[in-house]
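Enquirer: One-letter residues, chain by chain:
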Amino acid sequence: MLMAKKKTSSYIPMDSPIDRLHPMVKIYAIFCLGISALVCPTFILSYVLVIFLFIVAWKAKLFKKFAKFIIGFAIPITVMLLFIHGLYSPKNVTYIANFGFARLGLEGTMYAIKLVGGLLVFLGSFLLMTTTTHPGKLVTALIESGMNPKVGYLVLASLNIVPQMQRRMIIIKEAQMARGVEVEGKLLTRATAFIPLIGPLVMSSLVDVQERGMTLETRGFGAKGVKTTSYIEVVERPVDRLIKRLLVVFLAITVVASILARLIR
Amino acid sequence: MNKQLEVSNLSFRYSDTKQKAIADINFTVDEGEFFCIIGQNESGKSTLCSALVGLVPFYFTGKMKGDVVVLGENTRKSSVATLASKIGFVFQNPFNQLSYTTVSVAEELAYGLGNLGIEREEMHRRVERIAGLMRVDHLLNKSPLELSGGQVQRVAIGSAFIMQPKILVLDECTTQLDPLGSEEVFDVVKALNGEGITVIMADHDMERVARCADHILVLDGGKQVAVGTPAEIFSDPSIRQHSIEPPDFVTIGRRLREEGLYSGDITLTEEAAITAAKGALVR
Chain A
1 MLMAKKKTSS YIPMDSPIDR LHPMVKIYAI FCLGISALVC PTFILSYVLV
51 IFLFIVAWKA KLFKKFAKFI IGFAIPITVM LLFIHGLYSP KNVTYIANFG
101 FARLGLEGTM YAIKLVGGLL VFLGSFLLMT TTTHPGKLVT ALIESGMNPK
151 VGYLVLASLN IVPQMQRRMI IIKEAQMARG VEVEGKLLTR ATAFIPLIGP
201 LVMSSLVDVQ ERGMTLETRG FGAKGVKTTS YIEVVERPVD RLIKRLLVVF
251 LAITVVASIL ARLIR
Chain B
1 MNKQLEVSNL SFRYSDTKQK AIADINFTVD EGEFFCIIGQ NESGKSTLCS
51 ALVGLVPFYF TGKMKGDVVV LGENTRKSSV ATLASKIGFV FQNPFNQLSY
101 TTVSVAEELA YGLGNLGIER EEMHRRVERI AGLMRVDHLL NKSPLELSGG
151 QVQRVAIGSA FIMQPKILVL DECTTQLDPL GSEEVFDVVK ALNGEGITVI
201 MADHDMERVA RCADHILVLD GGKQVAVGTP AEIFSDPSIR QHSIEPPDFV
251 TIGRRLREEG LYSGDITLTE EAAITAAKGA LVR
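Line order of the protein sequences matches chains A and B.
Quick note: the first sequence uses this note's numbering, first residue 1, plus one each step.
Quick note: the second sequence uses this note's numbering, first residue 1, plus one each step.
Worth flagging that the hints you see were computed from the coordinates, not collected in a lab.
Hints may be right or wrong, so weigh each one.
[As the list claims (entries may be wrong)] For the chain B half of the interface with chain A, some residues (derived, Cβ under 7 Å), not all of them: (1) S78; (2) V80; (3) Q97; (4) Y111; (5) G112; (6) L116; (7) E207; (8) A280; (9) V282.
Where is the CB? At the ideal position from N, CA and C, for every residue including glycine.
The following block holds chain A by itself, in its conformation from the complex (with noise of 0.2 Å):
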């Protein structure tokens, strides 16, 4: 039998040298290193920095679902953008192999190798972000650098979605298996069983939507004129500062090196 899950986030408490930076770190992580990893003109940086990031979360405790994640995402992406670009891009101009119904171009393949990177980059930074980040401090963090607290509620509200889905998707599977409909089992099944799970998944969300909307309005949610504050502390660390300064040099050296390289082609 099936039990609803009651996580609220994608957070897991781990205790680790990484939960403990400061969200605001994470943040510059996500950028600098994703920016950077799009802007070299070779993939290898890109890899580089998956491996980076492997290690990142070996150090967070969360190796294997790091790891699964990447592989899980990276298999399938690779294989699509070899197909669109290793096949059919305009840029191929040099052949590696022929398939019989298209041919594989180095120039294609290349530039889906180095978007791949790029993707896992961003994606695996994201995901060891909030996996490691509380989400209450991640938003008294942004709050505390200038974002608006609206703003800082849509963030928390985006993050913890797909959990709340998730919860909420098990709980109507389980009402529908009480009703006599097969939702496991072969690959078709769970397809057939696709459309009586969506329809009340979204139907039930919305209504839950306006009384959510309501129960912030009573709770001061937009109260003009204050200043919000946070039951949680966040502090920034001189480590803290240490690294988004690191991170910051790091892309801008990565951003000249790129335009160098460039003119010197």
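Using the hints, position chain B against chain A.
Expert: Positioned in the frame of chain A, the structure of chain B alone reads:
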């Protein structure tokens, strides 16, 4: 007694309907009162409760006439967020009252305080106090989603009460709970009223209403049918025309009176009904 809430000629029609949801409602609530709103389904209880806290007209659009004045502030000239520190609101569905932005009960209780800009130290003090009052102090580190319905509803009441409103409005807050959860929640509400908080509660449980209310407002089809003390309301036989069944204890006393076996006051509580029945047995 200090008048805390005044409703004058209040009517409201939702924007996509032709009929008024509530019409010509007039009543006042004094400080420290336990005021109940009763009526069958679709009688306008939830609409009235929403109007008391400003959700009508700010959240629900439509045509509103009349005024609701809460502690001297007209709800039309204020906002729901501003009124939140004067009048708190607890809904029917416990789980829809979670912010879904917190990972612990403590954070959930403190959520509203952050919106009001309360200092962190004061937040921690209030969370500790309210958690004790709501009997959730042993749950502070738990995720709100790990709680039972009754526990979540107590957290919801705590989340509203922590903002220190003088008035608490509860819209059928025990309807979706099991009997034990329902009693746990009601005990907390009574305790708050005992501390001087004015409680306005829409409820279906007539026994509870008869036992605790200082005054009752009866609604039918959006209209105000009667307002008075429990004795006045439940002793009026015409109340049945509005699909309101008096509590069984009242019916017992009435039947004994009809048989000439009891001549005392209306039996609003179990104890009064038992006393009346014992007296009748002796006769």
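Enquirer: Are the hints correct? Go through all of them and say.
Expert: Verification of the supplied hints:
1. Evaluation of the S78/B hint against chain A yields a violated restraint, the C-beta minimum of about 11 Å exceeding 7 Å.
2. Here the hint on V80/B is kept, as its CB sits about 4 Å from the closest CB of chain A, short of 7 Å.
3. Interface restraint check: Q97/B against chain A, minimum CB-CB distance 5 Å, threshold 7 Å, status holds.
4. Because the beta carbon of Y111/B sits about 6 Å from the nearest beta carbon in chain A, less than 7 Å, this interface hint is met.
5. Interface hint status for G112/B: upheld, as the beta-carbon distance to the closest one in chain A is roughly 4 Å, under 7 Å.
6. Checking L116/B against chain A: minimum C-beta separation of about 5 Å stays under 7 Å; hint holds.
7. The criterion of a C-beta within 7 Å of any C-beta in chain A is not met by E207/B, whose closest approach is roughly 28 Å, and the hint is violated.
8. Hint status for A280/B relative to chain A: violated, with the closest Cβ pair at about 48 Å, above 7 Å.
9. The beta carbon of V282/B is not positioned within 7 Å of any beta carbon in chain A (closest approach about 52 Å), and the interface hint is therefore violated.
Hints 1, 7, 8, 9 from the list above are not met by this structure, while the remaining hints are.
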